[in-house]
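Our numbering puts the first residue of the sequence shown at -3, with every later residue one more than the last.
Honestly, the hints are just simulated from the structure, not real lab data. Since this is a predicted model, take the numbers as computed values, not measurements. Here a beta-carbon is modelled for each residue, glycine too, at the ideal position from N, C-alpha and C. A portion of the hints provided could be inaccurate.
Here are the simulated EDC-like cross-link-like pairs (lysine to aspartate or glutamate), alpha carbons at most 16 Å apart as the crow flies [to be verified]: (1) Lys221 / Asp195; (2) Lys221 / Glu242; (3) Lys248 / Glu203; (4) Lys89 / Asp122; (5) Lys263 / Asp194; (6) Lys221 / Asp244; (7) Lys221 / Asp194; (8) Lys89 / Glu142.
Quick list of simulated restraints, FRET-style, between CB atoms [unchecked claim]: (9) Val470 / Ile245: 51 to 61 Å; (10) Ala231 / Gly532: 50 to 60 Å; (11) Gly473 / Gly531: 45 to 55 Å; (12) Ser105 / Gln205: 19 to 29 Å; (13) Ala206 / Ala426: 40 to 50 Å.
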Amino acid sequence: MEAAELPAFPAPERRLHLGALLAREGLLTPTQLERAVLEQEQNGARLGEIVVRNGWVSSRDLARLLAEQHGLEFLDLARTEIDPDAGRLLPQKLAHRYHALPISFLDESTIMVAIADPTDVFASDDLRLALGLNIRLAVVEPGDLEQAIARLHRSEVEISEDAPEELSPSPVQDILEEAATSTPAINLVNSIISRSIDDGASDIHFEPQARGLLVRARIDGVMRKVTEIPPSLQAAAMSRLKIMGELDIAEKRAPQDGRVSIRFGGKPMDLRIAVLPTTHGEQAVLRILQRASGRLGLAQLGMSGEDEDAFEQAIRQPYGGVIAVGPTGSGKTTTLYAALDLLNRDERVVTTIEDPVEWQIPGVNQIEVNARSGLTFARGLRTILRSDPDVLLVGEVRDEETARIAMQAAMTGHLVLTTLHAHNAASSIARLRDMGVDPGLLATSLNCIVAQRLARRLCPDCREPYAASNAERVEVGVADMPEAISLYRAQGCLRCAGTGYRGRVALYEVMPISGEVRRRLGSSTEEIFAAAVEGGMTTLRQDGLRVCLAGISSLEEIRRVTGDRLA
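With the sequences and hints as input, model every part of the structure.
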């Protein structure tokens, strides 16, 4: 078939130099342009690569100017619908090789192809031959292109039995490559897991309904429908999940728990699988634990400067208790692991007891609870305390015995980090008292309590600014400011799947146990809260309003997450 009549590139004499375009747009100062050209002459790197690597120009702006330089159209893939039939004309390996993706048919003989590098003339010629169609090129941002290719081909999955040496002997599933010999049920399950992980899910729910299996994923803390599995594949899909978790596929009346190690995008992670019988059949919930990227340093948690100083002061004490409180999935373990990263030094013995061990840390002695063998939190704690630890992390305080042992350890020369389910910092004291821990023991053992929540981040590509109303100015605490205040709200685009949100930000309430707060630990929750606020504590609501004013999240999201409890 003949090549497109429209030239892929204009004649060279019509092109402006990229440096001139960058200077014309005001994206580079003369000094930066001079440094970039000098670096280009010294190492032969492309000018565009240099300015992006140095952070002077965004990859989006560079792609837009490259399109102009070569007389091509610039497309924002985050706002462009991709025709799957067009995209799959180019195999995934070729798409990655040529950094190209067909996105739509222009007519019966012409197809629009998104490319990242318009200077690669040979790639455009190869694309014509590979597709067998006339092509019209459009320049896109490289990062968006790679995401679009991965998203289009993510249903191509494979099972791999070769576990890398650093992983446990659990079965390892490679979820990214195509498996021609897989059954439809295996392909379907792997495709759902792949898609959910790619979308940033923390949990995947397979929920039996009267007409099949509903699949939903928790993304950024909110449930989102993924797909529906027809009744003809329901049993096979559930059996596949059980086999992955090494569960009994014949047992359908009793709850079961399992675990499987996987690799996704070359990164190891774990799936915890819980199976539970329901009215319409068995339900399975997969918790995704991303071991490679789950841990953050203290500086990356997102605390305000005052809260970070108070928290660091508490964990740097030689002994005492530091408790992270909040609902399930609020990031408590991430906060305590950030503390462990700071405390993990050669001169300290650091030991953890967890259910399960979520991330492995070199230099830390990590123990996993095993109820079947009798290794509970309480029993493990007693043995650990005879093993000369300096720092002890207890995954969760669930009962009176564990709470009492942990607090006594904090009083007798150990630094104890643990988590607890409570609404906020002040109410955690009542929770511990309800477990039977004496207020006097709490007063002598606690250093600090940190309450936290996770709020969704506004998508930076589609968030919309608006002028705050008078009521909103009062709510966020800027009613007395004379100037106009801009807040942001969610809109929705392809990059955020139309939700207006992408990623999450942590909200913190750090309550040091000192002064009037320590004296009131036997009082009501309201009195403890009032004493903490009077002492300068920033509440969860106030911290949420801080990120709202910074344009990180919306006022609507902060209301949803913090509610009205002791705001």
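Given the hinted pair Lys221 and Glu242, is their alpha-carbon gap at most 16 Å? Judged against 16 Å, a Cα distance of about 27 Å means the pair is violated.
Using the C-beta atoms of Ser105 and Gln205, is the stated range 19 to 29 Å upheld? violated (45 Å)
Compare the distance between the alpha carbons of Lys221 and Asp244 with 16 Å, and conclude whether the hinted pair is satisfied. violated (28 Å)
Would the hint linking Lys89 and Glu142 be met if the CA-CA limit is 16 Å? holds (12 Å)
Measure nothing beyond the straight line between the CA atoms of Lys221 and Asp194; if it is 16 Å or shorter, mark the hint as holding. It holds: about 15 Å lies between the C-alpha atoms, which stays within 16 Å.
If you check the beta carbons of Ala206 and Ala426, does the distance land in 40 to 50 Å? Holds - the Cβ-Cβ distance for Ala206 and Ala426, about 42 Å, lies within 40 to 50 Å.
Can you confirm whether the C-alpha distance between Lys89 and Asp122 stays at or below 16 Å? Distance ~14 Å between Lys89 and Asp122 Cα, so the pair holds.
Taken at face value, is the distance from the CA of Asp195 to the CA of Lys221 at most 16 Å? holds (12 Å)
Hint says 45 to 55 Å; check whether the CB-CB distance for Gly473 and Gly531 agrees. For Gly531 against Gly473, whose Cβ atoms are near 19 Å apart, the range 45 to 55 Å is violated.
Just to be careful, I want the Cα atoms of Lys263 and Asp194 compared with a cutoff of 16 Å; is the pair within it? holds (12 Å)
Checking one constraint from the list: CA of Lys248 to CA of Glu203, max 16 Å. Satisfied? holds (14 Å)
Please check whether Ala231 and Gly532 have a Cβ separation lying inside 50 to 60 Å. Given about 58 Å between the Cβ atoms, the range holds.
In this structure, the earlier hints numbered 2, 6, 11, 12 are contradicted, and the remaining ones agree with it.
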